[in-house]
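Once you've looked at the hints, dock chains B and C against the given chain A.
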Amino acid sequence: MKEEIIIAGFGGQGVLSMGKILAYSGLMDDKEVTWMPSYGPEQRGGTANVTVILSDEKISSPVLDSFDTVIALNQQSLDKFASKVKPGGILIYDTNGIHNHPTREDITIYPIDAMGATLELGNSKAYNMVVMGALLEAMSYKLPMENVIKGLKKSLPERHHKLIPLNEQAIEKGRSLLQK
Amino acid sequence: MDIKDIIRPENKVYSKPELLEEVHMHYCPGCSHGVIHKLIAEVVAEMGLTDKTVGVSPVGCAVFAYNYIDVDWVEAAHGRAPAVATAISRLWPEDVVFTYQGDGDMSAIGTAESIHAANRGENIVMVFVNNAIYGMTGGQMAPTTLIGQKTATTPYGRRVDLNGHPLEITNLMAILDGTCYVTRQSVHTPGNVRKTKAALKKAFENALAKKGTSVVEIVSTCNSGWKMSPEKANEWMAQNMFEKYPLGDLKNL
Amino acid sequence: MKEEVRLMKGNEAIAHAAIRYGCDGYFGYPITPQSEVLETLEELMPWETTGMVVLQAESEVAAINMVYGGAASGKAVMTSSSSPGVSLKQEGISYIAAASLPALILNVMRGGPGLGTIQPSQADYFQATKGGGHGDYHLIVLAPSTVQEMVDFVGLGFDLAFKYCNPAMILADGIVGQMMEKVVLPEQRPRRTDEEIRKQCPWAANGRENGRKRNVITSLELESSRMEVINHQLQARYREIEKNETRWEEIDVEGADYLIVAFGSIARICTKAKEIAAEKGIKVGIVRPITLWPFPTEAVARAAEGKKGILCVELNAGQMIEDVRLAVHDNLPVEHFGRLGGIIPSPEEVVKALEEKIIK
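Residue numbers (our numbering), protein chains in the order written: chain A, 464 to 643; chain B, 3 to 255; chain C, 100 to 459.
Excised from the complex, chain A in its bound form (with noise of 0.2 angstroms):
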């Protein structure tokens, strides 16, 4: 098994930490994980990416120039990624704010509201991990939820601990979105 994602958006969207967590959740399912972000000026507002791989194998490249899953947070970052999709991939992108959607057959295209189902959640800061839930909901590589859970804790501070439920039901919220 190996997956090649990528999550492209607004530095504040929480891309990063939302790479963070999946690539804890994987080292919990003992895979091999990769955690490589475009950093620099971008972490001040700009774009933001980062590139996360999973296998079962030792990771080569942790730069690549297509993906088995793209997730896409804004207009920006789905007009420079669609793109490089693998035919047969997936792409999952939030509606909000988009105006030119993919046109892309050869994939599986998700649009989403993450926003909407966030701000029903009534929590802003839990939108990455509602688009985590989408995420692992399109995957083929079914990541175990308690190793999730496990990924989460490792991933955050133990002060912030109290916030795991939240973003547990985030995610369950972000896989009905597929489910529909």
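Hints are computed from structural coordinates only; laboratory data are not their basis. Hints are supplied without guarantee of correctness; some may be wrong.
What the hints assert, rightly or not - Computed list of chain C residues with no C-beta within reach of chain B, every gap over 10 angstroms:
no. : residue
1   : VAL104
2   : GLY121
3   : GLY234
4   : LYS262
5   : VAL283
6   : GLU294
7   : ASN309
8   : LEU333
9   : GLU353
10  : ALA398
11  : GLY408
12  : ASP422
13  : LEU431
What the hints assert, rightly or not - Computed spacing ranges between beta-carbons, pair by pair:
no. : chain 1 : residue 1 : chain 2 : residue 2 : range
14  : C       : GLY150    : A       : PRO607    : 38 to 48 angstroms
15  : C       : PHE225    : B       : PRO192    : 50 to 60 angstroms
16  : B       : ASN13     : C       : GLN334    : 48 to 58 angstroms
17  : B       : GLU237    : C       : GLU142    : 27 to 37 angstroms
18  : B       : LYS234    : C       : LYS229    : 25 to 35 angstroms
19  : B       : GLU12     : C       : ARG336    : 22 to 32 angstroms
20  : B       : ASN13     : C       : HIS233    : 48 to 58 angstroms
21  : C       : GLN334    : B       : GLU12     : 56 to 66 angstroms
22  : C       : THR148    : B       : GLU237    : 58 to 68 angstroms
23  : B       : LYS234    : C       : GLU147    : 50 to 60 angstroms
24  : C       : GLU142    : A       : GLN632    : 28 to 38 angstroms
25  : C       : GLU142    : A       : PRO607    : 29 to 39 angstroms
26  : A       : GLN632    : C       : GLN299    : 52 to 62 angstroms
Idealized CB from N, CA, C, for every residue including glycine.
Structure of chains B and C alone, referenced to chain A:
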């Protein structure tokens, strides 16, 4: 009376400090470094610190200080002695670490290291020999060179418009919260030598007591660089240097 | 502390490794993309646990001279920086090498010249392997390609530095510094006691304990005939290091038609490129130098035998390629491919370069 009756231990009034090595110093006749080395050697031995003292020598005339005083030494790059001393002092907190620096080392190329080590309050002693000139490289202008003073790079005398003002780095050190003792001394008379020795002893005591940084400036001559006889150089120093660099304690906590 | 599996950035891993390998002191100055080393150390507060000293210096110059002082006193000390900061450290590194002191220096390379960019680069290969500062000297240069190697090379770097009384450098890039991977942190190695240090480093300047003869650490010798002897001693040590410590990795070299030589994280991009090339029926082998100095000259020469060409892939304008060419004596085509300015080439780009520059 035979001479052998006179040369007896009980008649001995003075001897070379045990920590001064039996070698010829490379310093010019009349140079202040020899006296200052002797005082450090005396203070270290008298305080019983021989086996826990580490000196850090500079680049400048005193670069070979490690050949003369019988303690452990590290020879630093130009200006970096306070950084070198910082690490040794922090890693061996029971040791007493001192730097020995000239005016170029302390107040030109090493200004940042001097100020920051002092500002952090490192438990070190900084011995600062200020003779207002670069002795080793052949008598060029130092930050502490006086206005009007002739050097190899101010052949017509230092000018404020060309070269800026003499830098009183010791005064700067005195206002830093990290320093506990900042003093300015000289070694041109027996009385001044005694005062300087007392100042060095106090500085080493401060380091032992972990009170912070002690700075002992010693206003000195460079008769070769100044192109004067040793005696004339001492007179010139008293007449000209002390006005800009007055002797005495600047800070004593 | 027991062995532990964690997910962390290369830079964070360096900090954990320093503590766990019993480092006595770290002296650094913030610079992107490696500030997490100092930040992580300050957060972990090792002075409360192992007794390790951590100090934010006033400059890179001060930091390397603190390392010089600490090393001169026999302690296991290190610093870290990124390219512009490592340029500032060069004088101090030359002194450390000249005085035959063990120390560890990490360079998480960013693009230059000048202030350059904060994105990844490998453009300090020349600086690290050919001297960097003044005078005839060498650092032992280790090039990690994974976060695990960032950890391992802290231990290896200190071991080699103390074995040969010579400074070692970990030459990493922004990729391996900033990426997170699974990493196994080693069990805590206790710091040496002062007595152990005095025994292991009888040359160190830390006070004439028990009235021993004084130690002087210096790189100055004005008498030419004596200075020549010192230089010859250094060179003899470098020959010894070349003989014993050359390290490299080979991937599918046997049976390949083409060779890629690459170091650090770029070698991993090339490994992926090798897989893509294989799907096209192009057989590629990879040699990854692990020690950049000493360079695995013989290994590259052996691997090149019977090959049709070599592509050197580096994040610079062509630096390691000079050592590769020296290794193979122009017996086969050797070409360079690299991206500059902080751009990381994709595996596909590497395959394309191989096709255009070597296969043709």
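| query | Which of the stated hints cannot be reconciled with the structure, identified by number in ascending sequence? | reply | Violated hints: 7, 17, 18, 19; rest satisfied.
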